[in-house]
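Counting from 1 along the sequence shown, just add 392 to a position and that's the residue number in this note's numbering.
If you are wondering where the hints come from, they were derived from the structure by calculation, not from laboratory data.
Treat the hints loosely; a few may be bogus.
[Stated by the list, open to error] Straight-line alpha carbon distances no greater than 27 Å define the calculated DSSO-like cross-link-like pairs of lysine-lysine that follow:
no., residue 1, residue 2
1, K537, K612
2, K559, K537
3, K576, K604
4, K612, K438
5, K542, K438
6, K559, K599
7, K583, K616
8, K438, K504
9, K504, K550
10, K533, K438
11, K612, K559
12, K591, K542
13, K559, K533
14, K438, K576
15, K613, K542
16, K504, K583
17, K612, K542
18, K616, K537
19, K559, K616
20, K438, K583
21, K599, K524
22, K438, K591
23, K509, K542
24, K591, K504
25, K604, K438
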Amino acid sequence: MKRLLYIVFVVGISIHVNAQNQVNGIVDYQNIIHNENGVSFASPYKLYFNNTISFYEKIGNPQRVANKFREERREGTTTISEDKVMKSNSPVDYYTNNSTNELIFRETIVDKLYEVKDSVDFISWELHAEHKEIGNYTCQKATAKYRGRKYTVWFATKIPVSHGPWKLRGLPGLILEATEETGKFEFRAIKIDIQPDDKMVQEKLNKPLVDKITNMTVYKKALKNKFEETRVKIKSSLPRGAKFMTDCDVCPDPKNHSLERFD
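Can you build the whole structure from these sequences, using the hints too?
Below you can see the structure in the form of structure tokens.
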């Protein structure tokens, strides 16, 4: 009887410790794109997470966070730059399970929805001594190259999960800010809740059911064709005599405006 009570006591302690180590949270982010002409816009996203699984989803359309849509008139013509926002109600989300090395995401490329099975790549982060405050959290700086771009991020070790916005992850703390080296792409946490409704978080962290998985080869091809297809689509909607100008991104490769840059 004493042995049985001891086993029950040990199991009870184990459950209590595991419950204490469990981390659940919800973070609101802004995905910001900065254009060279001074126009920027931000899309709202939410990150749901526990210790091993995260789900990052778009929850609204982009909103301008700088100048309004710019229209220049030159010799009777209208010049329209690529910062024209393409609004879409199509889902955009990223499910990541660090335990099973699964990354499943949905993105729309020129009106076509892609449901893609990716992998959780190892990101070779370099940690730096610099720290700064973001909200109520002291964050450490880290840098790394990932999918053709270099990022500077700030992560909070007080939130001990290896998650972040989009596909950025792999640090000993939640990534609250990330900036791509050209300054074009930026991610910012604007609201952090580490005491959320656990049931709601768990529902979001269920593995998504997808109709048809697209492999990465097809997805990469779609990204490569995105620039030309988008250009044709925008030009067809412009008034007669208008010119379409593109943002340079990283010259001399102006056609590669995607967040991921594949060879």
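Going through the hints against the structure:
1. K537 <-> K612: Measuring from Cα to Cα gives roughly 18 Å; hence the hint holds.
2. K559 <-> K537: holds, 12 Å
3. K576 <-> K604: violated, 32 Å
4. K612 <-> K438: holds, 25 Å
5. K542 <-> K438: Holds. K542 to K438 sits at ~23 Å (cutoff 27 Å).
6. K559 <-> K599: holds, 16 Å
7. K583 <-> K616: violated, 34 Å
8. K438 <-> K504: This hinted pair holds, its Cα atoms lying about 23 Å apart.
9. K504 <-> K550: Given pair K504, K550 is violated - Cα atoms ~40 Å apart, limit 27 Å.
10. K533 <-> K438: Holds. K533 to K438 sits at ~22 Å (cutoff 27 Å).
11. K612 <-> K559: holds, 16 Å
12. K591 <-> K542: violated, 36 Å
13. K559 <-> K533: holds, 18 Å
14. K438 <-> K576: Roughly 21 Å between the alpha carbons, so the hint for K438 and K576 holds.
15. K613 <-> K542: holds, 22 Å
16. K504 <-> K583: Distance of about 31 Å is beyond 27 Å: violated.
17. K612 <-> K542: holds, 19 Å
18. K616 <-> K537: holds, 20 Å
19. K559 <-> K616: Cα-Cα ~19 Å, so holds.
20. K438 <-> K583: holds, 9 Å
21. K599 <-> K524: Distance ~35 Å between K599 and K524 Cα, so the pair is violated.
22. K438 <-> K591: holds, 16 Å
23. K509 <-> K542: Distance ~23 Å between K509 and K542 Cα, so the pair holds.
24. K591 <-> K504: Given that 27 Å is the threshold and the Cα spacing comes to 32 Å, the pair is violated.
25. K604 <-> K438: This hinted pair holds, its Cα atoms lying about 24 Å apart.
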